[in-house]
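Peer 1: Spelled out from the first residue to the last, the chains are:
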Amino acid sequence: MKLPALALFERSLRLETRSALVCWSRTGLLLLILLVLVPIQSLARAGMFGAPGLRFLQEMVWLNLVFITLAGLSYFASAITEEKEEMMLGLLRMTELNSVSILLGKSTSRLVGALLLLLMQVPFVLLAVTLGGVGLLQIAAAYGTLLAYLFLVCNLALLFSVVFRNTTTAATFTLAVLFVFLIGHYWAAGITQYLASSGQINPHRGIWSLLTTLIDLWRQAAPSNRLGVIFQTGFAGPAIGFQVASNLVLGGLLFLLAWLVFDWCIREEKDAAPPRRWLLGRATPRSRIPTRLFGTRAISWKDFTFISGGRWGLLMKFGVVAFVVALCNFMALEFGTGTEITREFEGTLLIWISLATTAVFLALDAGRIFRDEIRWKTLSSLVMLPVSVPELAYRKVAGTLAGTLPLLAGFVLGVLLVPDDVGKFLDDMFSEPVGVGVFIVIILQFILFLHLTAFLSLIIKRGALPLAIAIQYLGGSFFMTFLTILFSAGGSSGPGAICFLTGLICVAMTVVLHRAIGLRLARAAAEE
Amino acid sequence: MSESNQPTIEICDLHHAYKRQQALRGVSFAVEQGSIHGFVGPNGAGKTTTLKILATLLKPQRGTVRVFGLDVVADYKNVRRKTGFMPDHFSLYRQMTVQEYLDFFGAAYGMDVQERTRVVGDVLALTDMETRRNDLIKGLSRGMQQRISLARVLVHDPALLLLDEPASGLDPRARIELMEIIRELRRMGKTIFISSHILSELAELCDSVTILDRGAVRYSGSMSGLNRRDGEMADYLLTLAEEHPAAEAALRKVSGVIEVTKPAKAPQYRVSFQKKQTDPNLLLRAALDSGAQILGFQEIVRHLNQAFMDLTEPGVPPVMVAAADNTPPAPSVPDSGGPS
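Protein chains in written order, with our numbering: chain A, 1 to 528; chain B, 1001 to 1340.
If you are wondering where the hints come from, they were derived from the structure by calculation, not from laboratory data.
Just so you know, even glycine gets a beta-carbon here, dropped at the ideal spot from N, CA and C.
Do not rely on the hints blindly, as some may be mistaken.
Pairwise CB distance ranges, derived in the manner of DEER restraints [claimed, not checked]:
| no. | chain 1 | residue 1 | chain 2 | residue 2 | range |
| --- | --- | --- | --- | --- | --- |
| 1 | B | 1180 | A | 116 | 54 to 62 Å |
| 2 | B | 1176 | A | 26 | 54 to 62 Å |
| 3 | B | 1188 | A | 17 | 54 to 62 Å |
| 4 | A | 482 | B | 1020 | 36 to 44 Å |
| 5 | A | 430 | B | 1118 | 52 to 60 Å |
| 6 | B | 1118 | A | 460 | 38 to 46 Å |
| 7 | A | 390 | B | 1188 | 32 to 40 Å |
| 8 | A | 311 | B | 1121 | 23 to 31 Å |
| 9 | B | 1169 | A | 390 | 30 to 38 Å |
| 10 | B | 1188 | A | 442 | 53 to 61 Å |
| 11 | A | 443 | B | 1169 | 45 to 53 Å |
| 12 | A | 11 | B | 1169 | 23 to 31 Å |
| 13 | A | 120 | B | 1305 | 51 to 59 Å |
Part of the chain A face toward chain B, derived, beta carbon under 10 Å [said to hold, decoys possible]:
| no. | residue |
| --- | --- |
| 14 | 294 |
| 15 | 298 |
| 16 | 380 |
| 17 | 385 |
Far from chain A, some chain B residues (derived; all Cβ distances over 12 Å) [what the hints assert, rightly or not]:
| no. | residue |
| --- | --- |
| 18 | 1069 |
| 19 | 1175 |
| 20 | 1180 |
| 21 | 1278 |
| 22 | 1306 |
Taking the hints into account, I'd like the entire structure generated from these sequences.
Peer 2: Below, the structure written as structure tokens:
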């Protein structure tokens, strides 16, 4: 007998089974296993390290951990929001489907798909035992950890997907909570220690005991910590520890919470278009494009406003840099040992934080710059303007880049604070050709990454950024390992050749992606 | 051909395929300047593909497409300047206000502030949206969003408007108002190429029509040409007070009459004849002379609905023959079969 509550779940599973994307994912996963296995085997044979089996298992498990986290940000976080964005949830609710069946059908089916992807690796990962340095118990414990973490991530993302109106917000909150969950216990322990050493908490009182117990439980529940234990030589179990139990219980509770708040959160179907006030402020009779911005510059204005967030976006980015700098200062003053707030410290901090936030915002913008036009079906009206598709794309990019000006200002301010240090850094770098090469390769890799993100956003509905990170990471790791093996006998010419080849390949791939983005944009406009 | 007589749209032997699916198979037709040209066909006939090629969004795989004499591939920028395309979906930045949205497109077409202010005011007046200019687009009704889409298309004052299903999803009042706007645009001298499934409205609105089915043109020409059988033939319906077989015999004897049939049990006769050899007056005279008591005598014209059904019936081959009226190569109209 079929249960009505499982109808959508069953249908989703059927669709997933037939999906070409799932087949490709499984093929890709097998390829990934090969990509990890071959270099490890080669390097182990070359005598670069022992216990290749353990190394293989570690790489596979850490990669899976990253993939599960990335899946949480895209695949799982969009489970309910994608229905909200397409305003389909109301129609689903008009059927006999209740909230449980919608949650099971939209989220748990995805979880099952991901679990299958994880489980299908196990027979291949058993090769690690043959390679040596690892036991069956370690493999079972590691994959148990991953399965429990996957369950937790799926249901955490589901909760945010139910609560928030769009995938971006759900993904942001999922990322923030996972970030805190995975590494927050280190900070919590540090802060507790600091409070105890400064006398603000008495180590002999109940609150101290409670805090340390909670932080210890938190640490044990984090998969990163558990995996560290599993990979230790002589690991003797248990295969299912506190981490598995706690992650499963937490995941179950999050699912229950998602179910409880479901009806309340979706009682009103709202337009998924981003709220205007954050972008442009209130509409006034005089709201118009600045006088000088006409022609193709108007396109840049639109993207500066809607992708980068306009004036509010500039302020917000400046605020992010200022907040991170302030936080680092606070951490350095409170927890640092012997750190003084000097001009050099502030300058260096400002340079690195500006660079890091620029990279993050550029990556986020790359995933949205073309995707939003496709999502809101506005590309055809833009492409109908009397400009070529490349010109249109460059204008959009220019508008988005204008939104990074405050970050650039932070960088320039940092350089002005420590001109001597920057000069010395540049001198050191340019005195070694390899240093220049590494610097150029890093920039080229980042440009390639932005292109990859933008391209993926044109061909997949969601998760372009996490996928680009995964592809770049895997491709880069494999390629660097391959080149290292290739040039291991090359003596001093090795690093230079590696830099040159890596740079060359980055440029070639960027050119290909650049062209592909243009073609894909024209095609997407025609397909609207 | 002088520029004033040059067709706005000229499509010749246009082919387009999506992978293995042939969307267009040798489509040829033309659209006169200043006319409203209807573009009809069943779903999947190739209408939107043709529209997208005209709008320069798709490149033709074979054949030539010219808009105002300009090739849509080689001279696409100039074609875009002279063309406004309204797709069958809302292509709107919903976080913007109506004013900002139109102002943005005006700016993107290179207009300065003074010009934009004037043009935005004009198009808002034309689409009767002046009072909503400071409203957010996402808060507008479907009909209003459709008007804003039309207003956007008009911002750069294109001479040709390509409208893909402009009335779909609109309530009757909004549809009627939209049709009024389109008539007003024709009065302003614009050529309007409109794809729609609402045949009754197209029949009232259009000067000419192209019927497309399975990627081939079934008819292209004037509405009057479509309504009649063809240029040389005519069908009339004679209604008598009572059965009178002598009338049928008398009609058959008239020179040029090809066929006299009795389409219903009622005392009615359908007469098909060559227009060059006879005229309706002679037929009427013959019927009167036979002693029949005549209640009615009228030309049988097909409504667009009937023509559409006849021409897009499965099994009707896409036969291309001479144009009706003065339009370029156009296909024939197969036998209509009966009165509308």
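Peer 1: Closer than 10 Å between Cβ atoms is the bar; does residue 298(A) clear it against chain B? Give me holds or violated.
Peer 2: Check passed: Cβ of residue 298(A) comes within 4 Å of chain B, closer than 10 Å.
Peer 1: Between the beta carbons of residue 1118(B) and residue 460(A), is the distance compatible with 38 to 46 Å?
Peer 2: Once the Cβ atoms are compared, 44 Å apart, the range 38 to 46 Å for residue 460(A) and residue 1118(B) holds.
Peer 1: Does the Cβ pair residue 1188(B), residue 17(A) satisfy 54 to 62 Å?
Peer 2: Given about 57 Å between the Cβ atoms, the range holds.
Peer 1: Any Cβ of chain A at or closer than 12 Å to residue 1278(B), or is the non-interface label fine?
Peer 2: Nearest chain A Cβ is 52 Å from residue 1278(B), so the label holds.
Peer 1: Between residue 11(A) and residue 1169(B), does the C-beta distance stay in 23 to 31 Å?
Peer 2: holds, 28 Å
Peer 1: Just tell me: holds or violated, for the beta carbon distance of residue 482(A) and residue 1020(B) against 36 to 44 Å?
Peer 2: holds, 39 Å
Peer 1: According to the definition I'm using, a residue is off the interface if its beta carbon is farther than 12 Å from all beta carbons of the partner; does residue 1306(B) meet that for chain A?
Peer 2: holds, 34 Å
Peer 1: Min Cβ distance, residue 385(A) to chain B: is it shorter than 10 Å?
Peer 2: Where the cut-off is 10 Å and the nearest Cβ of chain B is about 5 Å from residue 385(A), the hint holds.
Peer 1: The hint says 32 to 40 Å between residue 390(A) and residue 1188(B); measuring C-beta to C-beta, is that right?
Peer 2: Holds: the Cβ-Cβ distance is about 35 Å, inside 32 to 40 Å.
Peer 1: Hint residue 294(A) vs chain B: min CB-CB distance below 10 Å?
Peer 2: Cβ of residue 294(A) sits 4 Å from chain B, so the hint holds.
Peer 1: Checking a non-interface call: every C-beta of chain A should be farther than 12 Å from the C-beta of residue 1175(B). Is that right?
Peer 2: Fine: 22 Å to the nearest Cβ keeps residue 1175(B) off the interface.
Peer 1: Does 52 to 60 Å hold as the CB distance between residue 430(A) and residue 1118(B), or does it fail?
Peer 2: holds, 57 Å
In summary, this structure violates none of the numbered hints.
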